[in-house]
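A.B. asks: Make the full structure from the sequences, and use the hints.
Numbering (numbering that gives the first Met the number 0), first residue to last: 0 to 82.
If you are wondering where the hints come from, they were derived from the structure by calculation, not from laboratory data.
Incorrect hints may have been included.
Quick list of the computed label-pair ranges, beta carbon to beta carbon [said to hold, decoys possible]:
{"#": "1", "residue 1": "50", "residue 2": "73", "range": "27 to 35 Å"}
{"#": "2", "residue 1": "47", "residue 2": "13", "range": "28 to 36 Å"}
{"#": "3", "residue 1": "73", "residue 2": "4", "range": "34 to 42 Å"}
{"#": "4", "residue 1": "3", "residue 2": "72", "range": "31 to 39 Å"}
{"#": "5", "residue 1": "31", "residue 2": "66", "range": "20 to 28 Å"}
{"#": "6", "residue 1": "55", "residue 2": "7", "range": "15 to 23 Å"}
{"#": "7", "residue 1": "74", "residue 2": "54", "range": "24 to 32 Å"}
Computed list of lysine-lysine pairs in DSS-like fashion (alpha-carbon distance at most 25 Å, straight line) [unchecked claim]:
{"#": "8", "residue 1": "70", "residue 2": "43"}
{"#": "9", "residue 1": "70", "residue 2": "19"}
{"#": "10", "residue 1": "70", "residue 2": "14"}
{"#": "11", "residue 1": "43", "residue 2": "62"}
The model shown is predicted, which means the values in this text are computed figures rather than measured ones.
Positions of the beta carbon are idealized from the N, C-alpha and C atoms, including for glycine.
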Amino acid sequence: MIFRNCPFCNINPEKTQILKNGDSVRVIFSNPCLMPGNLLVIPKRHVEKISDLNEEEQQELFKTIIEFQEKFLVNFFLDAILE
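C.D. replies: Here it is in structure tokens:
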């Protein structure tokens, strides 16, 4: 379901880079970017809390968080730690 006033349902791909568009989650760079590698992992279904997501949605959400955590930990922070 798309909500007319939801900034996450109405993402403009010309202004916001979508890093992943999965079945039940979307990953974008945070805007404004608070620090390098700051991402938003957003469920596509509107819920009040994460526990309202069904099991499949929760699995995709947490799998995606772990996937991007590993990618960005290596790409953004490892170099800074070693300096």
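A.B. asks: Next step is simple, just say for each hint if it's right about the structure.
C.D. replies: Hints versus structure:
Checked against the hint of 27 to 35 Å, the pair residue 50 and residue 73 passes, with Cβ atoms roughly 30 Å apart. Roughly 31 Å separates the CB atoms of residue 47 and residue 13, a value that falls within the hinted 28 to 36 Å. For the hinted restraint 34 to 42 Å between residue 73 and residue 4, the CB-CB distance of approximately 37 Å keeps it satisfied. Between residue 3 and residue 72 the beta carbon distance is about 36 Å. The supplied range of 31 to 39 Å therefore holds.
Checked against the given bound of 20 to 28 Å, the beta carbons of residue 31 and residue 66, roughly 24 Å apart, stay inside it. At roughly 19 Å, the beta-carbon separation of residue 55 and residue 7 lies within the given 15 to 23 Å, and the hint holds. Remark: the range hint 24 to 32 Å for residue 74 to residue 54 is upheld by a beta-carbon distance near 30 Å. Taking the CA atoms of residue 70 and residue 43, the gap is about 22 Å. The hint holds against a cut of 25 Å.
For a cut-off of 25 Å, the pair hint linking residue 70 to residue 19 stands: about 13 Å separates their Cα positions. Note on residue 70 and residue 14: the hinted pairing holds, with a Cα-Cα distance of about 23 Å set against a maximum of 25 Å. Between residue 43 and residue 62, the direct Cα distance comes to roughly 15 Å. Compliance with the 25 Å bound is thereby established for this hinted pair.
Checked against the numbered hints above, the structure violates none of them.
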